[in-house]
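Sequences and hints are given; from them, build the entire structure.
2 protein chains.
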Amino acid sequence: MSGSSLGPGAEFDRIRAILAALGNRAGELGDDCVIVPDGPGSLVASTDTSAEGVHFRLDWISLEEAGYRSAASALSDLAAAGATVTGLLAALAAPRKASGEQLAQFMKGVGDAVGAAGGLVLGGDLTAADAWSATITVLGRARRPLRRRGARAGDGLWVTGRLGGARAAVVSWLAGAEPESEAHAAFARPSPRIAAGVWLAEQGATAMIDLSDGLAGDAGHLAAASDVGLEIDLAKLPLHPSVPGPDRALFAAGGGEDYELLFTMPDSFSEQSVAEVPLARIGVVREGTGVQLLRDGKAVGLPSSYNHFA
Amino acid sequence: MSGSSLGPGAEFDRIRAILAALGNRAGELGDDCVIVPDGPGSLVASTDTSAEGVHFRLDWISLEEAGYRSAASALSDLAAAGATVTGLLAALAAPRKASGEQLAQFMKGVGDAVGAAGGLVLGGDLTAADAWSATITVLGRARRPLRRRGARAGDGLWVTGRLGGARAAVVSWLAGAEPESEAHAAFARPSPRIAAGVWLAEQGATAMIDLSDGLAGDAGHLAAASDVGLEIDLAKLPLHPSVPGPDRALFAAGGGEDYELLFTMPDSFSEQSVAEVPLARIGVVREGTGVQLLRDGKAVGLPSSYNHFA
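So the protein lines, in turn, are chains A and B. Take the first sequence: its position 208, counting from 1, is numbered 208 in the working numbering, and each next residue is one higher. Take the second sequence: its position 81, counting from 1, is numbered 1081 in the working numbering, and each next residue is one higher.
Where hints are given, some of them may not hold.
Said to hold, decoys possible - Distance windows between CB atoms, simulated:
| # | chain 1 | residue 1 | chain 2 | residue 2 | range |
| --- | --- | --- | --- | --- | --- |
| 1 | A | Glu-202 | B | Gly-1041 | 23 to 33 Å |
| 2 | B | Gly-1154 | A | Gly-23 | 35 to 45 Å |
| 3 | B | Gly-1041 | A | Val-277 | 32 to 42 Å |
| 4 | B | Asp-1038 | A | Asp-13 | 34 to 44 Å |
Claimed, not checked - Partial selection, computed: residues in chain A whose CB lies under 7 Å from chain B:
| # | residue |
| --- | --- |
| 5 | Leu-29 |
| 6 | Asp-31 |
| 7 | Val-44 |
| 8 | Ala-45 |
| 9 | Asp-77 |
| 10 | Ala-81 |
| 11 | Ala-91 |
| 12 | Ala-98 |
| 13 | Thr-135 |
| 14 | Thr-137 |
| 15 | Arg-147 |
| 16 | Val-274 |
| 17 | Val-277 |
Derived by calculation from the structure, the hints in this document are not laboratory data. Heads up, the beta-carbon is just placed ideally off N, CA and C, and yes, glycines get one too.
Listed below in structure tokens is the structure:
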């Protein structure tokens, strides 16, 4: 952890508790800077804040799950670039009354997420705040970093995994019910698609983005960056088993925070899975602009996407 | 800025305002990840949170100064490693009612600080919160990264610049007075000693740390990491002109957040400045442990250091 917000005494006790929880997921911490391991390809980086009351609620998920989710959502940006994971720096803000054990629980989740993705906790910071939040900066390497731009008319539009699980969990919690365990896991412990992202980059993916705002919203980002139009066939969407009716496909298309990958491939691509992650062709890239959701060939209205800041 | 916390509409208006304020200090933003420019030596990184009410108060300094200070304090960790500045990622948390103009003011300060240090705003994130805070992750490169450890018995103990200015400002504000303009600037717009840090690394500095917690506290970190004792002669401390009496040296030794460099050099080193920054030999490295503040050869009590989390 960086020394610049940390004094002696009780602060170091908190850090010792965190280091114990991280175990072999911690890099060599304790200096002003960390030396980032070198590797092939380009270094890519992204930073993301997950905040209590905005991105998660602690009456919905545990501190360990909040840590896992905070790290996984940031690591998902590396997946979208087709990058491997070097590690992350975690700036944790916690209430003054938080115990060392609570800080350790949060950071255990962070460490488990980055460990599962093949990286380390390289450094961090600890600050007092009114609520829990974590700003996670991820560092990785990509031989051919993928962007949102690059999709070409005629490419197929694809998605990894199954959609709508995180939204199903949120809808349950908002209704006062505990979601099904698979929906709870989709929200609390999303899987950054690192191995799939690397493989898809090698296979010639032309553009990629991770689904944080939701399929409809993120498809719009990809379309705008690539200066193309996207047609999505709602009947082709791979649905998470917890997605409720009556219109399951539209529910999934409007759900955010699945952290699956949306990507475009040359028309000839036809693989159905990678590393046990299912792949589904859900549409096509057209000349033009914007995103059309189609049912039986007819356009249907776009569900609105998440907007945390509003 | 990263897309993962940003939806369409008003959010993009805010980001456009920020990009306009950053001007040519912004890298190529707008994708999930930034590609970090390559360079010689090792990549070094650090992350630091600056929060309203903990690290700054907006009745003391402007939003632009808060942004400058947040970035400068993080960049100071690169200086302490003897690194040049590649750039930074800025995760900004702002109240929901913050205007695009206010976000732009904060980020203009961030951009000015990293621009003055020779780098770019490479990426960022924007989240709603109850108060302002910024988590700044800095990336730089060092041919021979300096650490807190490495000081050897017999080395000289040195410091850049003048100490106590930031504390003088805080003491004035807490007393309800506006500080002298030089003290205000020391707190609001500290100068990360990037060029000095690079040069000192080349000159054979054996250990280095930046003064964020205060001389007494940070000297303790360097001593512990290097497994040595440090003797500091209070009469040798270079004092900021705004430091008040009666005991000016002890006031400066207990002041935090000057963001000067504390470093150890072979005994033969004798330069008095680098790049217009004064250098002062303030003590010596001994075998042993801990930090002794000496006046006329006699030990005096250590002032307590900052502890934001307490």
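Item checked: Structure versus earlier hints, numbers of those that do not hold, lowest first -> Failing hints, ascending: 5, 12, 16 and 17.
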